Amino acid sequence: MSDATLDTTPPRDLPVRDEPKTVAFRGGGFAPRPHRWVGALVFAVLILIAEWGTRAGWISALTLPKPSDVLATFGELYQSGLLFKHLGPSLSRFAVGSFFGVSVGIAVGVLIGLFSYVRAGAVPLVAALFPIPKIALLPLFVIWFGIGEGSKYALIAFGTFTPTVVATYGAVDNVDRTLIRMGQSFGLSWWSIVRKIVLPGAMPGILSGLRISLAIAIILLVAAEMLGAEYGIGAYILQAGSLYDLERLFAGVVILSVLGVLVSAVIGVIERRVLGWRT
Amino acid sequence: MDIRLDAISHSYDDFEVLRDITLDIPAGRIVCIVGPSGCGKSTLLRFIGGLERPRAGRVLQVGEPPAGCLNPLTYIFQDFALLPWRTVEGNISLVLEDHGIRGQRAREIIGDVLARTKLTDFAKALPKQLSGGMKQRVAIARALAVNPAVMLMDEPLSALDSQTRELLMDDLVSLWSRQPFTAVYVTHNLNEAVRLGHQIVVLSRRPGQIREVVTLDTPLEERQFGDPELDAKQKYLWQLMRDEARAADAELLNV
Numbered sequence: 001m002s003d004a005t006l007d008t009t010p011p012r013d014l015p016v017r018d019e020p021k022t023v024a025f026r027g028g029g030f031a032p033r034p035h036r037w038v039g040a041l042v043f044a045v046l047i048l049i050a051e052w053g054t055r056a057g058w059i060s061a062l063t064l065p066k067p068s069d070v071l072a073t074f075g076e077l078y079q080s081g082l083l084f085k086h087l088g089p090s091l092s093r094f095a096v097g098s099f100f101g102v103s104v105g106i107a108v109g110v111l112i113g114l115f116s117y118v119r120a121g122a123v124p125l126v127a128a129l130f131p132i133p134k135i136a137l138l139p140l141f142v143i144w145f146g147i148g149e150g151s152k153y154a155l156i157a158f159g160t161f162t163p164t165v166v167a168t169y170g171a172v173d174n175v176d177r178t179l180i181r182m183g184q185s186f187g188l189s190w191w192s193i194v195r196k197i198v199l200p201g202a203m204p205g206i207l208s209g210l211r212i213s214l215a216i217a218i219i220l221l222v223a224a225e226m227l228g229a230e231y232g233i234g235a236y237i238l239q240a241g242s243l244y245d246l247e248r249l250f251a252g253v254v255i256l257s258v259l260g261v262l263v264s265a266v267i268g269v270i271e272r273r274v275l276g277w278r279t
Numbered sequence: 001m002d003i004r005l006d007a008i009s010h011s012y013d014d015f016e017v018l019r020d021i022t023l024d025i026p027a028g029r030i031v032c033i034v035g036p037s038g039c040g041k042s043t044l045l046r047f048i049g050g051l052e053r054p055r056a057g058r059v060l061q062v063g064e065p066p067a068g069c070l071n072p073l074t075y076i077f078q079d080f081a082l083l084p085w086r087t088v089e090g091n092i093s094l095v096l097e098d099h100g101i102r103g104q105r106a107r108e109i110i111g112d113v114l115a116r117t118k119l120t121d122f123a124k125a126l127p128k129q130l131s132g133g134m135k136q137r138v139a140i141a142r143a144l145a146v147n148p149a150v151m152l153m154d155e156p157l158s159a160l161d162s163q164t165r166e167l168l169m170d171d172l173v174s175l176w177s178r179q180p181f182t183a184v185y186v187t188h189n190l191n192e193a194v195r196l197g198h199q200i201v202v203l204s205r206r207p208g209q210i211r212e213v214v215t216l217d218t219p220l221e222e223r224q225f226g227d228p229e230l231d232a233k234q235k236y237l238w239q240l241m242r243d244e245a246r247a248a249d250a251e252l253l254n255v
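Going line by line, the protein sequences match chains F and D. In this text, residue positions in the first sequence follow the numbering used here: the first is 1, and each later residue adds one. In this text, residue positions in the second sequence follow the numbering used here: the first is 1, and each later residue adds one.
All the pointers check out, no bait thrown in.
Derived Cβ-Cβ restraints for the label pairs, each shown as a range:
| no. | chain 1 | residue 1 | chain 2 | residue 2 | range |
| --- | --- | --- | --- | --- | --- |
| 1 | F | S92 | D | R105 | 43 to 49 Å |
| 2 | F | Y117 | D | C69 | 32 to 38 Å |
| 3 | F | I270 | D | D112 | 32 to 38 Å |
| 4 | D | S158 | F | A31 | 28 to 34 Å |
| 5 | D | S158 | F | A127 | 39 to 45 Å |
| 6 | D | S11 | F | G150 | 56 to 62 Å |
| 7 | F | V118 | D | D243 | 46 to 52 Å |
| 8 | D | L167 | F | P34 | 35 to 41 Å |
| 9 | F | F145 | D | C69 | 55 to 61 Å |
| 10 | D | A67 | F | A127 | 51 to 57 Å |
| 11 | D | T215 | F | I270 | 56 to 62 Å |
| 12 | F | V118 | D | R242 | 49 to 55 Å |
| 13 | F | K21 | D | L167 | 41 to 47 Å |
| 14 | F | A31 | D | C69 | 48 to 54 Å |
Partial list, computed: chain F residues near chain D (C-beta under 8 Å):
| no. | residue |
| --- | --- |
| 15 | T178 |
| 16 | L179 |
| 17 | R181 |
| 18 | M182 |
| 19 | Q184 |
| 20 | S185 |
| 21 | F186 |
| 22 | G187 |
| 23 | L188 |
| 24 | S189 |
| 25 | S192 |
| 26 | K196 |
| 27 | I197 |
| 28 | P200 |
| 29 | W277 |
| 30 | T279 |
To list a few chain F residues with every Cβ distance to chain D over 10 Å, as calculated:
| no. | residue |
| --- | --- |
| 31 | K21 |
| 32 | G39 |
| 33 | A56 |
| 34 | A95 |
| 35 | Y117 |
| 36 | L138 |
| 37 | G148 |
| 38 | G260 |
No lab work stands behind these hints: they were computed from the structure. Here the structure is a predicted model, which means the values were calculated and not measured. Glycine included, C-beta positions come from ideal geometry on N, C-alpha and C.
Model the full structure from these sequences, guided by the hints.
This is the structure:
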């Protein structure tokens, strides 16, 4: 048997050679592509199921309000003019609070990224502040900043500050060191390196941190309006919640969701404008 | 302006990298530094430009840089080090802005260096639109813009494919022939060294010491691809380095 290799016919247990086969494709997947309409479709399907369930009765009125009733409540809210009476103060609290929180957060984050003493001192502090539920501090803020707008701004500012700091110093750490070396080798001043190399290089990280910070700001809007607020989306939701008025509760929640989607879309636009250089 | 390295030694903790390097870099010549990986040749280049400090020894500047020189010691990096958010023009203007050169004067300098590196049509392009060879041309243009006394080139062609490398070597030769510049050219590629170097400094493996300085007298523009004389020099260099390179390759990395 060992010397019988001159035999030219292929061994019987191997497939016959002269029938070519297409190589099976196995390289697909793992490459996310944008599908805009799918997101809207998911929303529509979920709302339709809820509508059908509440109408048919297999979802009781206590479990979930009818989506059409929520829409009607929303319509009333709009027509009575109360919508803007609630939305106005909330938006200004959101804007002022997150403006202070984000700008101080970016400044502190850049300082942490640039100076090792600031880093050594501030990173443990930020780590200690981050997990504090900001809602728990609301009474304290009321004492410090008054029952008026001050405590609300402070709560939202404080809530957006910590995630912005963490995102910013992470982003500064990730700036390509060879670019900084290049700046030094051309004799650029310290301030030029920070302004022209570090900050633009940290921009992608800062913007993605902003998505998280601003979502937290919307969450805290409700908390900030727990005390001493007559108008505001948060106050409206809390009021509805304590009365178990599910239609109004859901109308308020939908407003917050829409706000979240809008903020995220605005950041998306800014990213496309500012970060067009990314590959 | 000449550069003199005076007895430079360096170690990281108790890990000796360079030992007693003494070398003169004369004006108007290209000095290539070759050596096995990890011999400290890039570290040496960072000492020359003042980006790092050696433990012992000095880097001396002999004579004054020529008038109009904005940044006497100017690097060209292996990974190009272009700001991805600035256009080709913007990347060059970056190094002029700090010297107060803006507006018309900046445009003149940028136009001139882009023309010298054949990049005029790409002034408005972003780095992500350019090939590796183009990116390195932009980095060369940026270096030329500050009118350096000495160019410090850290494996400038190592990130490029071999065809692009040939093209860029030709470009460097023609830039030098038109206006001779001083350069320290660190590379592990012996072919680049024999094409571009007036002097080739061969370093031993770690701790890096100067093993030999080979001088090539053929003028740069007469050195052609596949020239037998250059091939012989390259072979000679490789024989100097082969055992060292093999030993360096087998070492454990603890940097």
